[in-house]
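Colleague: Chains as they are written, first to last, in the working numbering: chain A, 1 to 203; chain B, 1 to 203; chain C, 1 to 203; chain D, 1 to 203.
Take these hints with a grain of salt, some might be off.
When chains are identical, the list treats them as one kind, so a pair holds in a single copy or across two.
Calculated cross-link-like contacts (lysine to aspartate or glutamate; reagent style DMTMM-like; alpha-carbon spacing at most 20 Å) [said to hold, decoys possible]:
| no. | residue 1 | residue 2 |
| --- | --- | --- |
| 1 | Lys94 | Asp135 |
| 2 | Lys59 | Glu35 |
| 3 | Lys132 | Glu185 |
| 4 | Lys184 | Asp156 |
If you're looking for bench data, these hints aren't it; they were derived computationally from the structure.
Below, each chain spelled out in residue letters.
Protein chains: 4
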Amino acid sequence: MSYRRSPLMEERLANNRERILLATRKLVSEGGFREAQISAVATVAGISTGMIYRYFPSKADLFVEVLGAAVDQEIKILTQAAAGHEPAGERLGKTVTCFVRRALKGPNLAYAFIAEPVDPEVDTARLRCRKKFGDVFKAILVEGMQKGELPEQDPDASAACIVGAFTEALVGPIGPTTRNTQDKERLVASIQSFCIRAVGGAP
Amino acid sequence: MSYRRSPLMEERLANNRERILLATRKLVSEGGFREAQISAVATVAGISTGMIYRYFPSKADLFVEVLGAAVDQEIKILTQAAAGHEPAGERLGKTVTCFVRRALKGPNLAYAFIAEPVDPEVDTARLRCRKKFGDVFKAILVEGMQKGELPEQDPDASAACIVGAFTEALVGPIGPTTRNTQDKERLVASIQSFCIRAVGGAP
Amino acid sequence: MSYRRSPLMEERLANNRERILLATRKLVSEGGFREAQISAVATVAGISTGMIYRYFPSKADLFVEVLGAAVDQEIKILTQAAAGHEPAGERLGKTVTCFVRRALKGPNLAYAFIAEPVDPEVDTARLRCRKKFGDVFKAILVEGMQKGELPEQDPDASAACIVGAFTEALVGPIGPTTRNTQDKERLVASIQSFCIRAVGGAP
Amino acid sequence: MSYRRSPLMEERLANNRERILLATRKLVSEGGFREAQISAVATVAGISTGMIYRYFPSKADLFVEVLGAAVDQEIKILTQAAAGHEPAGERLGKTVTCFVRRALKGPNLAYAFIAEPVDPEVDTARLRCRKKFGDVFKAILVEGMQKGELPEQDPDASAACIVGAFTEALVGPIGPTTRNTQDKERLVASIQSFCIRAVGGAP
DNA sequence: CATGAATGAGAATTCATTCAT
DNA sequence: TATGAATGAATTCTCATTCAT
Numbered sequence: 001m002s003y004r005r006s007p008l009m010e011e012r013l014a015n016n017r018e019r020i021l022l023a024t025r026k027l028v029s030e031g032g033f034r035e036a037q038i039s040a041v042a043t044v045a046g047i048s049t050g051m052i053y054r055y056f057p058s059k060a061d062l063f064v065e066v067l068g069a070a071v072d073q074e075i076k077i078l079t080q081a082a083a084g085h086e087p088a089g090e091r092l093g094k095t096v097t098c099f100v101r102r103a104l105k106g107p108n109l110a111y112a113f114i115a116e117p118v119d120p121e122v123d124t125a126r127l128r129c130r131k132k133f134g135d136v137f138k139a140i141l142v143e144g145m146q147k148g149e150l151p152e153q154d155p156d157a158s159a160a161c162i163v164g165a166f167t168e169a170l171v172g173p174i175g176p177t178t179r180n181t182q183d184k185e186r187l188v189a190s191i192q193s194f195c196i197r198a199v200g201g202a203p
Numbered sequence: 001m002s003y004r005r006s007p008l009m010e011e012r013l014a015n016n017r018e019r020i021l022l023a024t025r026k027l028v029s030e031g032g033f034r035e036a037q038i039s040a041v042a043t044v045a046g047i048s049t050g051m052i053y054r055y056f057p058s059k060a061d062l063f064v065e066v067l068g069a070a071v072d073q074e075i076k077i078l079t080q081a082a083a084g085h086e087p088a089g090e091r092l093g094k095t096v097t098c099f100v101r102r103a104l105k106g107p108n109l110a111y112a113f114i115a116e117p118v119d120p121e122v123d124t125a126r127l128r129c130r131k132k133f134g135d136v137f138k139a140i141l142v143e144g145m146q147k148g149e150l151p152e153q154d155p156d157a158s159a160a161c162i163v164g165a166f167t168e169a170l171v172g173p174i175g176p177t178t179r180n181t182q183d184k185e186r187l188v189a190s191i192q193s194f195c196i197r198a199v200g201g202a203p
Numbered sequence: 001m002s003y004r005r006s007p008l009m010e011e012r013l014a015n016n017r018e019r020i021l022l023a024t025r026k027l028v029s030e031g032g033f034r035e036a037q038i039s040a041v042a043t044v045a046g047i048s049t050g051m052i053y054r055y056f057p058s059k060a061d062l063f064v065e066v067l068g069a070a071v072d073q074e075i076k077i078l079t080q081a082a083a084g085h086e087p088a089g090e091r092l093g094k095t096v097t098c099f100v101r102r103a104l105k106g107p108n109l110a111y112a113f114i115a116e117p118v119d120p121e122v123d124t125a126r127l128r129c130r131k132k133f134g135d136v137f138k139a140i141l142v143e144g145m146q147k148g149e150l151p152e153q154d155p156d157a158s159a160a161c162i163v164g165a166f167t168e169a170l171v172g173p174i175g176p177t178t179r180n181t182q183d184k185e186r187l188v189a190s191i192q193s194f195c196i197r198a199v200g201g202a203p
Numbered sequence: 001m002s003y004r005r006s007p008l009m010e011e012r013l014a015n016n017r018e019r020i021l022l023a024t025r026k027l028v029s030e031g032g033f034r035e036a037q038i039s040a041v042a043t044v045a046g047i048s049t050g051m052i053y054r055y056f057p058s059k060a061d062l063f064v065e066v067l068g069a070a071v072d073q074e075i076k077i078l079t080q081a082a083a084g085h086e087p088a089g090e091r092l093g094k095t096v097t098c099f100v101r102r103a104l105k106g107p108n109l110a111y112a113f114i115a116e117p118v119d120p121e122v123d124t125a126r127l128r129c130r131k132k133f134g135d136v137f138k139a140i141l142v143e144g145m146q147k148g149e150l151p152e153q154d155p156d157a158s159a160a161c162i163v164g165a166f167t168e169a170l171v172g173p174i175g176p177t178t179r180n181t182q183d184k185e186r187l188v189a190s191i192q193s194f195c196i197r198a199v200g201g202a203p
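Given the sequences, and given the hints that come with them, work out the whole structure.
Modeller: Below is the structure:
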């Protein structure tokens, strides 16, 4: 029994970590953080509960990481959507649409990540994530103002408002629990228009 | 021949319900619904846990009432703010400002009421509350569209977006935990502008 | 304020006691001892909970008395039914039938009194009551044996068996939850025949 | 590579369920279902309360299983006792005697299983159990009637009466709390005779 | 005397975390 | 190293009984 980790073990380790994260993500997207108990995560990941504590000091830490990873991926996609040389309004529209369409495919995950609290520690992380989302929009706004494409406005406030607007439209009372494809597209369009007008980016 | 209730008892009685509601409100505003366990509420209210069940059949019912009472009061004020014969954009601005200013005074309560879910039963109530808020704005939008003051748009979606926008701006990452008065007023103005532009109500 | 009880007060007192017993009986017959909480009894009796403790030192004592009173009344009726100069077998049949028919009219009361336990103290009383029922039958058996109408047998055991037999037939799995009049009469007849044969009282 | 369960763990595991059942059985037989609170069961079983919920979803389920297991075992033995080619009356006598003798060894358990209800769910199970007992006797009766050994009678009613008869004789007021061996045998004989006569199975 | 508000000791159940194997 | 059985603190809710008014 060697004390050096073999490459195989390394892989197993990385594997495990990944499996835990994946399992958590799956459970959260299906039933919110509430349903992602440690034992459930362990079962889905195909490992033991004790194992989870080898990779994450606590449930909160696990949640924070799952949240962060999911959001980082989303941010990456959003940032790509936000890139381009179109006028700021147009880019904003594209970016919002991108986010909303993605969220409509896995509403519960978006919900849990955006709206569902768990414990204070995770909550703090959630705020950071929302900030990150906002920053994507803030960047568009700042550039748009510089180029004179958008009227003067507080980019932080506007960015937050944008995030809030589509979040609410997604997880709020008019949310898409029972919407068909056509309705969904109409909702996407409505949110997009709202946001473009909101920042003064309409033609 | 039944002994009459002493005035003291009467007061105590009315007091109790009020005290329970107040205690819950206090705890929720400080730490969210999470911190408002029955025993904590009892302690803060200065009564026993059993007493709470004399007034509320379950914790969920208590929460729903606290939520509902706070929201109804808010809705009332908002509705008044929304009244008037100014153009729709202006009325919308007034209403948003009204809500935001009030929320900035007790941000955590707003947070819990607007953003924090607890259990399914309370969650349902929360959704209803958000819908109520939205309806205040929807009414303005519908009238504005009829009068030709606002461009065509889905009033449900726009209303939800408005609620989401200022909610996020209030309880989100740019939220007002440590803002001074000046900053607050600037935030209010930014949110207001955002919302007015968003519905096409800018001059 | 006089310290002598006025006749009126005496009556009120007796009244109260009666009302408490009646209320308890009503509640027990509707939902078993489980549903007869002190506060429910107080409500039905139209008095306060504290009042109940003026008449009964504890809930158990109240239950014991209710049980005893109901059973005594039943015993009285049974004893009358058992009287007469017919052969023992016939008298036994009459008595059993009498009890069963009465029980079929208010099955829950009989059930609660016969089968439902509450706490040890009440349980003891219940045993005493069953003994009383048994004694009615025992008397018939003893006389029947003396007259040579019935074969020799242990009258205590037979009496207990009789009580058990019809009790089970009443509250057991073939019990009368949803029986119509015809079925009920057939059940009555079956139980009667069983008991008469059991003691050797058949012609 | 998962660590194999040590034989010790295996044993402990199997042990646990058994220990819980045993502890419950013990407590029930000593003080009825009332005394078998989860914490008491845990203490007697030498485990924690949480552990119980690893094996049984709820207290009611635990009770139902304890009840069912005990009854199934009893039924098995009774069914064997009921087998044979003797006349129905004789077989009935054997069966009754078998049950009664066994019950006399652990009277309180029989009491709890047969007479004591707890909550609706368990009660339902108890009724089913009594029905099962009855069915053993019903089978004898039906066969006896077919062969002309027994007079016509409602086999359901008679079976219920038989169960009730010996139950009462066992757990009722003449019950065997303080009987010596000789008395017990006399009781057994009395019950047997009663039942045989009751169904018309006497020679 | 009469009230019924108030108490608070329990009872069932859940689940993050630990640790013997 | 990996397991998952085991723990037990925490939480909600109930109801007999008391006692200030």
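Colleague: Against this structure, judge whether each hint is valid.
Modeller: Each hint tested on the structure:
| no. | hint | result |
| --- | --- | --- |
| 1 | Lys94 <-> Asp135 | within (15 Å within a copy, 28 Å between copies) |
| 2 | Lys59 <-> Glu35 | both (12 Å within a copy, 19 Å between copies) |
| 3 | Lys132 <-> Glu185 | neither (26 Å within a copy, 24 Å between copies) |
| 4 | Lys184 <-> Asp156 | between (28 Å within a copy, 13 Å between copies) |
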